[in-house]
Amino acid sequence: MSRVAHICQTLLTSQTNFPSAVFHLFSAALAIAALLSNDWIIVETYNQNVTSPDYDINDILTKLDNSEKCDTIGCRDFWRPARFGAFIDLAGKSHIAFHSNGRVIVDCITPAVANLFYIIIALCFVIAITSSLSCSMNLVPPPAGFLLWVRTNSIMEMSNMMLTLCTCVTAIVAQTEVAAQRPDDEVSIGSGVFMVCISGLLCFAAAMASIRHSTQLNRMRRIDNQRLLCARSLRSWRDAARRPDDTRPIVDFERYLDECAEEMQTVQTTNHTSDV
Numbered sequence: 693m694s695r696v697a698h699i700c701q702t703l704l705t706s707q708t709n710f711p712s713a714v715f716h717l718f719s720a721a722l723a724i725a726a727l728l729s730n731d732w733i734i735v736e737t738y739n740q741n742v743t744s745p746d747y748d749i750n751d752i753l754t755k756l757d758n759s760e761k762c763d764t765i766g767c768r769d770f771w772r773p774a775r776f777g778a779f780i781d782l783a784g785k786s787h788i789a790f791h792s793n794g795r796v797i798v799d800c801i802t803p804a805v806a807n808l809f810y811i812i813i814a815l816c817f818v819i820a821i822t823s824s825l826s827c828s829m830n831l832v833p834p835p836a837g838f839l840l841w842v843r844t845n846s847i848m849e850m851s852n853m854m855l856t857l858c859t860c861v862t863a864i865v866a867q868t869e870v871a872a873q874r875p876d877d878e879v880s881i882g883s884g885v886f887m888v889c890i891s892g893l894l895c896f897a898a899a900m901a902s903i904r905h906s907t908q909l910n911r912m913r914r915i916d917n918q919r920l921l922c923a924r925s926l927r928s929w930r931d932a933a934r935r936p937d938d939t940r941p942i943v944d945f946e947r948y949l950d951e952c953a954e955e956m957q958t959v960q961t962t963n964h965t966s967d968v
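Here the numbering used here = 1-based position in the sequence shown + 692.
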């Protein structure tokens, strides 16, 4: 039991912040998982809701080579080079085609949606990098300087929370753009957005753990300083007890000087008499 208490005491007094490092590690893992996810936006097609007989997306897909249904949209759809095209069907309605990795998706991904997902990819990448850096900084404390100031004031955690918020807002805007292209289908956000939200919550938990750790360190240092001051005070009182002459009041200072002068005069008189 004493060994466990010693380990806990060492963790409290050390500069290493393990809880915050664990939170940052999971936050980085979720950001990477969001980058790998293909379920940011989910499209559920209901053919019975199609009111126009001239517009049937299934008929269009059967006439196009390498065409696929747009069921989900994620970051993986934009890893490789893509291009867009447009065509007009027999009914005179225009359509937008997304070409990437040898497949074609019609009336789902527009250039605006692609630009929004490029922003999402960049934000998730920055979140993963900053969370990994924060994890290493909490495991190996940086020397005194700018990095220590960043770690102490939870700058990285606040930045990641803002980045996750921007990522979620961008994903919602992209979902709105896709819903505008598919008015007869149900378009909703998927697991990728929730991963980023959880990553932001973990950054908040890491910030709270960092603040708590800094408070505990300051408290332990304050207690150590009080113990040191108490030890010095006791040592001073012991020295005063051993030398009571040093504790005379200031009002007796002149009397103390007169006594010293009389003692010096007596010593000089004695020495002079012995010499004679």
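Be aware that one or more of the hints could be misleading.
[To be verified] Below, simulated SDA-like cross-link-like pairs (lysine to any residue); rule was C-alpha separation at most 25 angstroms, straight line:
| no. | residue 1 | residue 2 |
| --- | --- | --- |
| 1 | Lys785 | Pro803 |
| 2 | Lys761 | Ala804 |
| 3 | Lys785 | Thr802 |
| 4 | Lys785 | Thr868 |
| 5 | Lys785 | Ala872 |
| 6 | Lys761 | Pro711 |
| 7 | Lys785 | Arg775 |
| 8 | Lys761 | Arg874 |
| 9 | Lys761 | Pro835 |
| 10 | Lys785 | Arg874 |
It is worth saying that the hints were derived from the structure and are not from the lab.
Right, here's what the structure says about each hint:
no.	hint	in the structure
1	Lys785 / Pro803	holds (19 angstroms)
2	Lys761 / Ala804	holds (19 angstroms)
3	Lys785 / Thr802	holds (16 angstroms)
4	Lys785 / Thr868	holds (21 angstroms)
5	Lys785 / Ala872	holds (15 angstroms)
6	Lys761 / Pro711	violated (44 angstroms)
7	Lys785 / Arg775	holds (20 angstroms)
8	Lys761 / Arg874	holds (12 angstroms)
9	Lys761 / Pro835	violated (54 angstroms)
10	Lys785 / Arg874	holds (14 angstroms)
Of the hints listed earlier, those the structure fails to meet are numbers 6 and 9, in rising order.
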